[in-house]
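Enquirer: Chains as they are written, first to last, in our numbering: chain V, 1 to 312; chain B, 1001 to 1254; chain P, 2001 to 2238.
Keep in mind the hints are simulated off the structure, nothing from the lab. Mixed in with the good hints there might be a few duds.
To be verified - Restraint ranges, calculated between C-beta atoms of paired labels, are given here:
hint, chain 1, residue 1, chain 2, residue 2, range
1, B, Leu1142, P, Ala2226, 27 to 33 Å
2, P, Asn2130, B, Glu1237, 33 to 39 Å
3, V, Gly160, P, Ser2065, 34 to 40 Å
4, P, Glu2096, V, Ser218, 38 to 44 Å
Every residue, glycine too, gets a C-beta built ideally from N, C-alpha and C.
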Amino acid sequence: MSIQRRQFIAAIGGGALAGIAGCSGTGGQAQSDNGSSAGVAGETLTLTTTTSTYDTGLLDAIHPDFEEMYGVTVDAVAQGTGAALESARNGDSDVVMVHARGLEDEFMRNGYGINRRDLMFNDFVIVGPESDPAGVQGMSSATEALTTIAEAEATFVSRGDNSGTHTKELNLWDAAGTDPGGDWYQETGTGMGEALNIANQQGAYTLSDRGTYISQRSEIDLVILVQGPIEGGPEILANPYGIMAVNPGVHDNANYDLAMAYIGWITSPGAQDAISNYQMNGEQLFFPEAVSENPDFQQYVPEGWSSDSGDE
Amino acid sequence: MVRLSNVSHAFGDETVVRNLSLSIDPGEVVAIIGPSGVGKTTVLRFLALFLEPDEGTVTLDGQDVWSLSEDERLKLRRRIGMVFQEASLFDATVERNVEYGLRVRESWSDRLRDELWSVLGSNGTPEAVTEALELVGLSDKLGQEARSLSGGEAQRVSFARALAYEPNYLLLDEPTSDLDPRNTALIEEAIREARDRGIGIGIATHDMHQAERIADRVAVLLGEGVAEVGPAERVFENPTDERTAKFVSGELVY
Amino acid sequence: MPLEPVAQLLPAVVDLPFREGYVRSIIFVSLYVSVTAVTLSTLFSLPIAFVMGFTDFRGKQFVKSVINTGMGFPSVVVGLVVLFAVSNQGPLGALELIFTTEAMIMSQFVLATPPITAVSLAAITGVSDNVRDAAHVLGGTRLDVALVVVKEARYGIATAVLAGFGRAISEVGSVLIVGGNIVSSSGISKTRTLTTAIQLEARQGQYDTAMVLGAVLVALVLTVNAIVVRLGDEGVMQ
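Turn these sequences into a full structure, and let the hints steer you where they fit.
Expert: In structure tokens form, the structure reads like this:
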């Protein structure tokens, strides 16, 4: 049996087992685990994720459903992409939710993460002042827009913090074949909301995830100049989220059962619906990707992996 | 009786006492006199069981004090009171100052109980405290902050503080040198009163006339460890050493 | 008590976009962590100050320089060290302290101890030798004398404790790293303090909300200071 299918069955089987285990436990009330029954009730799941994900408020909105169903508590720790993965690597968290496919793949390749599932997606947008000094409005190529900004030396604010957004930004520069540098390119090392404020004050361009932009829109004067794929913009600005459990083979104190129960729940139709119904300032922020007529088996393995290659 | 026998002591190169023998009996006043810096305080500290002399023995009621354990020595030390030249009162009320000696002699459980009661304010004042304050004429200052007293009043409270727990011996280090005549007289009156109650008193002073007024016996420290010890009258009228004679007559000997 | 500024703040507080109990819970976590850390630190620091002040031992200079360095030590570095210790991979990993208030107390303990020790040391060595001698000569054991010194130096020690408390409750770097800034989905703080809540609002660009939380923090510190000073005054007023 190929690795792909084994992992797929393991994922389904694990999810099912966890689900059954949850049902047979004392679900509904947080009581202490009484050993013999397989319930996870009363336990705490530590989930590390990025600051932009957490700041949308999505997790606080959907977690109560999971917590009630199993009688558990979810501790969502917003750390930023790098730190979230590092915590998982150290065994300080049980499940990790980020939106940086390259880093997720590395995580899996090194054996720290298993049972990855596609979770949801939103997108990035390029925002800037209404006056649009570089003239990138409406461009259908994100890389072309960035090149234009660089050539015009229009002020551009970068996260500069190795977050998911920053990683995407660097990938775009890379794809555009441009190396950003100079007075017009400002690396702030701050969160997305702050970066938007800084860009707003300077009338600068920046790359933002749609969610943060929407939540900030009433406070700033920046407008969307290049759309993301949700509104018909280039596919390269897509922002897919993945979820992985920490490998109990590496850290035996990782709460694997509960992590799988969580993954099973959040990729189930009910939760995926809740995700798509979540709105901020009247707009949908996330688009579910876990439930599909034709499941993408590539979601379980590092990108580019095939059963023919030597990768394990 | 507290007794120093053939005690010698030096600080660095300087010999302070050499072969000094001195005792204090209950109910007598012994004055230790000499100019400032000659070593009066050191002698008092021997008597207070505070400082161990380089040579010689210190006994209290026959017990060799420095051959005992720290705990046993503490028990003996607690039978002695001391008043310094500076009042050194605690930053608290007069009452709390005077009762200190009583408190530290209580068992911990009693102390805890009394502390709690005094915090709640339902404590009466121990009799010993009121009596001691009466002796120095400061009964009305019970609740006053110690730091707000005048110099003379503070020294009198210091005296009461040393008396409150009824020590067998009381040592006073130049207690009135900073005081005006009135307060000096009050202290000397209190000293007499204490002596009449049977307390053995040692007082260090550079005031000859004070020694004449209140001492039963004197020890005149003459420097370089020399001293003349004897009944007050005899020393003042018929001193053995000529330096004593000069000192007694007011001449500067050094 | 400066009630007017507080009254002016209230409308803003009431308008805050927070759920019921959120602000109260983060104030509670802030106080719980800092008060516990400062209490433990005081119990630890006072004996050290005594030993430093009244005895001589080898390495005393070294301890003194450690304390002085500790005064200005960056809090975020302390956080990293505590993280290293309590992380699953670290020596204390088995205790499962990561992302808990206990880990936060640990790091604030480390931060508060140098100022409390240093200021207490100054206070107790400022007590005159004569007073110590008096306590001793009146029949006090070493412990009795130590208690007298503590009482004599009480104002200085109170200042030390307040200095430690100020440092603890205002710091954000270490509690963020070891605590994880966690709030339950129902809006009750698990490891979020006023300072980390401010940091969260600021990173989202919600500066107004951050300012209000900042005002709450300042009011809290002023209140604690006022209480401690008031208690001290009452001793004098008697």
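Enquirer: Now, for every hint given, state plainly whether the structure supports it.
Expert: Now the hints, each set against the structure:
{"no.": "1", "hint": "B:Leu1142 <-> P:Ala2226: 27 to 33 Å", "verdict": "holds, 31 Å"}
{"no.": "2", "hint": "P:Asn2130 <-> B:Glu1237: 33 to 39 Å", "verdict": "holds, 37 Å"}
{"no.": "3", "hint": "V:Gly160 <-> P:Ser2065: 34 to 40 Å", "verdict": "holds, 37 Å"}
{"no.": "4", "hint": "P:Glu2096 <-> V:Ser218: 38 to 44 Å", "verdict": "holds, 42 Å"}
Comparing the model with each numbered hint stated earlier shows that all of them hold.
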